[in-house]
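Student: This is what each chain is made of:
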Amino acid sequence: MTHALTRRQAILGAATSGSLLFAGGNAGAQQKPAELKVGICTFLSGSASVFGVPAKQAAEMLFEEINKAGGIGGVPVRPYFVDEAPGTDHLVGEYRRLVQNEGVHIIFAAISSGSCLACTPLSDEMKKTTLLWDCGTQRIFEEGNHPYAFRTQGYGAPEVLAPLLYLLKHKPDFRSLAVINQDYAWGRDSWEMWKAGMDALKPGVRVVAELFPRLGATDYSTEVTRLLASRPDVILSTSWGGDLVTFVRQASERRLFERSTFVLPVAEASLQMLGRTMAAGHVIGARGDHWNNHPRPKDPARLAKFVADYRARFNEYPIYPCHHMAQAISAMQAGFAKAIAAKGGGWPNDEELANAFRGLTFDTPTSSITLREDGQGLEDQIVGLSTFTDRFPFAVPKDMVIFPAAMVSTPVGQKSVEWMKTLKPDILAQMPAAIAG
Amino acid sequence: MNRPLEAGLAVLGAAALVLVAWAAPWLKFVLTLALAKGIAVLGILLLLRAGQVSFGHAMFLATGAYTVAFLAPEMPEALLLLPLGALFGTALGLVVGLFVARYRDIFFGMLNLALSMVLYSLLEKLYALTKGTDGIRVAGLTFAGAQPAREIQEWIMFALALGLALGFGLLVRAYLGSPMGQALAGIKTRETRLEFMGVPARRVLLFAYVLSACMGGTAGALVAMTSRHVTPQLAYWTSSGELVFIAILGGAGSALGPFLGAVAFELVRVYAAAQVADAWQMILGGVLLAVILFAPGGVWGILAARFKARA
Numbered sequence: 001m002t003h004a005l006t007r008r009q010a011i012l013g014a015a016t017s018g019s020l021l022f023a024g025g026n027a028g029a030q031q032k033p034a035e036l037k038v039g040i041c042t043f044l045s046g047s048a049s050v051f052g053v054p055a056k057q058a059a060e061m062l063f064e065e066i067n068k069a070g071g072i073g074g075v076p077v078r079p080y081f082v083d084e085a086p087g088t089d090h091l092v093g094e095y096r097r098l099v100q101n102e103g104v105h106i107i108f109a110a111i112s113s114g115s116c117l118a119c120t121p122l123s124d125e126m127k128k129t130t131l132l133w134d135c136g137t138q139r140i141f142e143e144g145n146h147p148y149a150f151r152t153q154g155y156g157a158p159e160v161l162a163p164l165l166y167l168l169k170h171k172p173d174f175r176s177l178a179v180i181n182q183d184y185a186w187g188r189d190s191w192e193m194w195k196a197g198m199d200a201l202k203p204g205v206r207v208v209a210e211l212f213p214r215l216g217a218t219d220y221s222t223e224v225t226r227l228l229a230s231r232p233d234v235i236l237s238t239s240w241g242g243d244l245v246t247f248v249r250q251a252s253e254r255r256l257f258e259r260s261t262f263v264l265p266v267a268e269a270s271l272q273m274l275g276r277t278m279a280a281g282h283v284i285g286a287r288g289d290h291w292n293n294h295p296r297p298k299d300p301a302r303l304a305k306f307v308a309d310y311r312a313r314f315n316e317y318p319i320y321p322c323h324h325m326a327q328a329i330s331a332m333q334a335g336f337a338k339a340i341a342a343k344g345g346g347w348p349n350d351e352e353l354a355n356a357f358r359g360l361t362f363d364t365p366t367s368s369i370t371l372r373e374d375g376q377g378l379e380d381q382i383v384g385l386s387t388f389t390d391r392f393p394f395a396v397p398k399d400m401v402i403f404p405a406a407m408v409s410t411p412v413g414q415k416s417v418e419w420m421k422t423l424k425p426d427i428l429a430q431m432p433a434a435i436a437g
Numbered sequence: 001m002n003r004p005l006e007a008g009l010a011v012l013g014a015a016a017l018v019l020v021a022w023a024a025p026w027l028k029f030v031l032t033l034a035l036a037k038g039i040a041v042l043g044i045l046l047l048l049r050a051g052q053v054s055f056g057h058a059m060f061l062a063t064g065a066y067t068v069a070f071l072a073p074e075m076p077e078a079l080l081l082l083p084l085g086a087l088f089g090t091a092l093g094l095v096v097g098l099f100v101a102r103y104r105d106i107f108f109g110m111l112n113l114a115l116s117m118v119l120y121s122l123l124e125k126l127y128a129l130t131k132g133t134d135g136i137r138v139a140g141l142t143f144a145g146a147q148p149a150r151e152i153q154e155w156i157m158f159a160l161a162l163g164l165a166l167g168f169g170l171l172v173r174a175y176l177g178s179p180m181g182q183a184l185a186g187i188k189t190r191e192t193r194l195e196f197m198g199v200p201a202r203r204v205l206l207f208a209y210v211l212s213a214c215m216g217g218t219a220g221a222l223v224a225m226t227s228r229h230v231t232p233q234l235a236y237w238t239s240s241g242e243l244v245f246i247a248i249l250g251g252a253g254s255a256l257g258p259f260l261g262a263v264a265f266e267l268v269r270v271y272a273a274a275q276v277a278d279a280w281q282m283i284l285g286g287v288l289l290a291v292i293l294f295a296p297g298g299v300w301g302i303l304a305a306r307f308k309a310r311a
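Taken in sequence, the protein lines are chains A and B. Taking full-length UniProt numbering, the leading residue of the first sequence gets 1, the next gets one more, and so forth. Taking full-length UniProt numbering, the leading residue of the second sequence gets 1, the next gets one more, and so forth.
Rather than coming from a laboratory, the hints here were simulated on the basis of the structure. In this text the structure is predicted, and so the values were computed from the model without any measurement. Idealized CB from N, CA, C, for every residue including glycine. Treat the hints with care, since some could be wrong.
Stated by the list, open to error - Covered stretches of chain A, as calculated for chain B (at least 3 residues, CB under 8 Å): (1) 72-83; (2) 87-93.
To be verified - Some residues of chain A that are not near chain B, with every Cβ distance over 10 Å (derived): (3) Glu35; (4) Ile66; (5) His170; (6) Pro203; (7) Ala217; (8) Gln272; (9) Ala304; (10) Thr389; (11) Phe394; (12) Pro411; (13) Ile427; (14) Gln430.
Generate the whole structure from the sequences, applying the supplied hints.
Tutor: Written out as structure tokens, the structure is:
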């Protein structure tokens with residue numbers, strides 16, 4: 001039996017080392033590869049798969065489109081999907097597998113902020129360009145310098161500040177507020193930033209309840225009772241996915257929406273599921289500017305095509321993770337194009353590729369995003385009031401304000417919470433006018 | 001199973017692991033984690049000998065891991081952090097053990113589960129200290145004062161895990177052969193008889209429990225220093241379940257079982273995830289079902305049966 005065991009492991013070793021020969025090194029002149037391999041970390045199981053699976057679908061659709069058009073620099077692209085649900089120690093192992101065994105050229109990581117925090121230091125060590133395609137934690141670029149990591153979308157600070165500014169403009173006289181966020185890092189972080197910003201811009205708001213139900217909770221009856229009893233003017237919730245759907249359903253059954261104004265910065269991804277259950281007249285956000293009814297998209301034809309193609313294939317509207325995936329793919333195309341042009345048509349190595357991303361501007365279906373010098377992408381934010389139209393069977397925003405990314409993002413080198421504390425009320429004067437939509 | 005054969009198998013297995021780690025650099029990381037988890041499962045095996053299943057052993061693993069994460073910024077010396085992780089695991093094991101060693105069977109398992117979930121909640125909720133579910137990064141470790149390159153550091157961690165695995169394996173073998181270890185089987189069959197013989201069952205179980213907690217702490221320190229990022233997920237009940245899963249997969253018949261189980265578990269998971277990213281859980285579940293149905297002695301049971309048939 002010892003023989004069988006060692007034989008199996010020998011075969012395994014031989015197989016893996018054999019495939020490593022094809023992975024290719026980074027030294028010397030770069031040959032154009034047979035295919036451009038892209039490692040994509042996303043949730044394929046667990047509660048966050050409500051984001052991960054649509055994003056994977058969008059990626060498959062767009063990769064097919066790219067390959068039909070001749071690939072990137074003439075090289076066909078191939079995705080390698082990795083499930084981030086089993087936790088960080090599994091994911092960092094998978095990251096190594098993608099780089100060292102599959103020989104991917106670029107990695108998209110990840111939805112969970114914990115995954116991103118674990119993967120970015122690895123990108124430094126393995127010198128592999130990593131696009132942070134969906135995670136929102138402000139800690140990534142504020143706590144360290146990561147030359148190979150770039151975030152191709154907005155992040156926590158603008159995604160909290162834009163709805164806060166919108167609320168201050170829309171309902172300047174509110175006096176009390178309650179928060180109900182999921183009990184994990186994003187729920188805590190977003191509340192800390194909101195509180196810092198609110199105390200700076202409108203001191204004296206009474207916080208009547210701070211509720212942090214368990215992530216994945218299915219019953220919010222005690223929380224709803226508490227919110228009904230404390231009668232806050234405003235209820236903030238940065239919850240997402242199934243949790244938000246459950247909460248909104250249970251809250252609307254008990255008419256909480258009639259008493260308080262809700263601020264839901266991550267509502268967009270849950271609105272299709274909620275349909276008409278969502279109440280009108282509440283502040284909703286999308287972690288970016290990619291609403292289906294974007295009032296003035298940069299490339300209306302491209303947005304319409306993306307939405308129509310996605311709907312035709314998957315029978316639902318794309319949600320924000322689909323757009324974030326599309327943004328990462330656009331960034332990858334633009335980055336490779338820039339790197340190949342810089343090398344006069346040659347194939348870039350890892351360092352040349354990473355250099356191409358610094359300061360890169362790329363187009364998205366709705367606008368264009370620039371990666372600033374720390375690697376953070378500047379994505380505009382659109383916040384509006386929920387309403388119903390004939391066009392969509394679910395709530396969409398009206399009276400939309402397009403917040404320019406630079407206005408609501410923490411400046412390079414500063415920490416978000418500290419920066420929020422220094423905000424002055426005159427920032428409200430810089431706010432663009434609302435668009436009816 | 002005679003002694004030289006088991007030793008020979010261990011040496012062969014270790015050599016095979018080194019060979020695989022050398023041939024496929026990315027597997028070195030996976031195997032280091034497997035060895036670390038194997039050490040924790042070795043602790044579970046001790047309790048299994050007494051017929052007790054702990055569904056909360058991940059709490060010791062998490063204790064070791066968070067010890068490293070908390071202390072690393074002030075004291076990045078891996079060779080000090082490792083014993084400290086083990087020490088904190090042992091200390092927690094002693095405190096918890098004094099209490100849970102009074103219980104048996106389902107009560108023992110559930111109390112362990114409950115306490116590990118208390119630790120999980122603390123790690124998750126004390127946000128200012130632990131940074132919640134996003135976890136803490138373990139950065140810039142030194143080894144005997146030097147800060148080696150990534151490749152060398154990975155080899156050092158692999159060697160540490162392998163050395164500790166062999167060391168703990170020998171220790172557990174010697175312990176199980178000693179009267180203290182033999183008494184564990186007595187707890188499983190008829191505890192009253194043990195008491196009649198003048199052996200205090202509670203103390204026997206407590207000693208095994210503390211030893212297993214020490215191994216859990218060591219494993220946690222290794223996991224933290226290898227994956228370099230710790231999250232409360234380490235203490236979650238699914239992580240404890242994973243350890244019990246590995247114990248069943250490997251088989252409780254020998255000190256080699258946990259390591260066979262851990263390596264098999266990690267490789268199945270990694271290859272399943274690589275082949276079918278959306279259905280790897282089904283494959284892992286299928287493997288466990290197959291083991292329970294067709295090889296109740298685990299991987300070790302299959303090997304031992306082959307040897308008996310040949311001898």
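Student: Could you tell me which of the numbered hints above are not met by this structure, giving the numbers in increasing order?
Tutor: none
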